[in-house]
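K.L.:
Spelled out, the chains give:
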Amino acid sequence: EAGVTQFPSHSVIEKGQTVTLRCDPISGHDNLYWYRRVMGKEIKFLLHFVKESKQDESGMPNNRFLAERTGGTYSTLKVQPAELEDSGVYFCASSRSGQLGQPQHFGDGTRLSIL
Amino acid sequence: GENVGLHLPTLSVQEGDNSIINCAYSNSASDYFIWYKQESGKGPQFIIDIRSNMDKRQGQRVTVLLNKTVKHLSLQIAATQPGDSAVYFCAEKSGAQKLVFGQGTRLTINP
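Note that the protein sequences, when read in sequence, are chains A and B. Numbering (our numbering) for the first sequence: 1 to 115. Numbering (our numbering) for the second sequence: 1001 to 1111.
Same shape as in the complex, but just chain A:
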C-alpha cells in the first residue's frame, strides 16, 4: 500500500507570496491531519479532517492558513500571505479511523522556506 505522499518536498518563496501544499493520504484513510515543525520547536498539530469535514482546527496559527479537503480525498494547505515565521517542515498524516490503536502514518513532509 502506498504511504502518505506530500508535494512539493521543498518550497522556497518570498515573504508575502502564496504557497499551497498538497497531501495524499493512504487510500481508505478517512482521517487526515496536518502538523508542522518550525525551527527549534516540537512537531505541533495544526488540524484534523474526517473525510471532508474539519474536526479540529485548534492548532491553526492564524487566518493566513487555509486547509481544504474537497471530496474527502487529498488535502491542501494554503498559506497566504506567507510570513518569515511560517518557515518549517509541514507534515501530513492519515489514519483509518480515530479509534484507539489506529496510529497516524506520516508523509515525508514539505520543507517550506520563506525568504
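No lab work stands behind these hints, which were simulated from the structure alone. Any given hint might turn out to be false.
Per label pair, the in silico range of CB-to-CB distance [as the list claims (entries may be wrong)]: (1) Asn-63(A) to Ala-1078(B): 47 to 53 Å; (2) Ala-1078(B) to Leu-84(A): 43 to 49 Å; (3) Pro-8(A) to Asp-1055(B): 41 to 47 Å; (4) His-1072(B) to Pro-61(A): 39 to 45 Å.
The following residues of chain B were derived to be distant from chain A, with all beta-carbon distances above 10 Å [unchecked claim]: (5) Asn-1027; (6) Gln-1058; (7) Gln-1060; (8) Leu-1066; (9) Val-1070; (10) Ala-1079; (11) Gly-1083; (12) Ser-1085.
Examples of chain A residues lying across from chain B (beta carbon under 7 Å, computed) [to be verified]: (13) Phe-7; (14) Val-38; (15) His-48; (16) Asp-56; (17) Glu-57; (18) Pro-81; (19) Glu-85; (20) Gly-98; (21) Phe-106; (22) Gly-109.
Model, not experiment: these values are computed from the prediction. Each residue gets a CB set at the ideal place from its N, CA and C atoms; glycine is no exception.
Mind docking chain B on chain A? Use the hints.
P.N.:
Just chain B, lined up with the frame of chain A:
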C-alpha cells in the same frame, strides 16, 4: 537535515548493545501513546504503540514500557544496528485525535 539547530537530548550506544530511550509525558488523561522514528529528510515512522490500560508491549526488537504513576514512557531497542540511528519521538493522545509530541531524542549507534 530538518533537525539541525534543535538541541535534542542524545544517546550514543555501541552496535549490538541495547538502547533505552525515555520520555516524560504531560497529560495524565492521555490514553494512547506512540513511538516514532525519524530519519533525516523523512517523516516520522511508526514504531510501536501502547494504550493506557497496558504497561508493556513488545514488537520486533522493540519494547515500550508505560508507567502511568510517574507519567513516563520508554522505548527499548534490543541489539541496536546502524540503521537504528535516528531521532525518536514519543507522542501522546488524550480524547481528541491530535498527537502531542515530545522534543525527541537523537540515537547514534557507534560501530
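K.L.:
Can you name, in rising order, the numbers of the hints this structure does not satisfy?
P.N.:
Hints 4, 13, 14, 17, 18 and 19 contradicted; others consistent.
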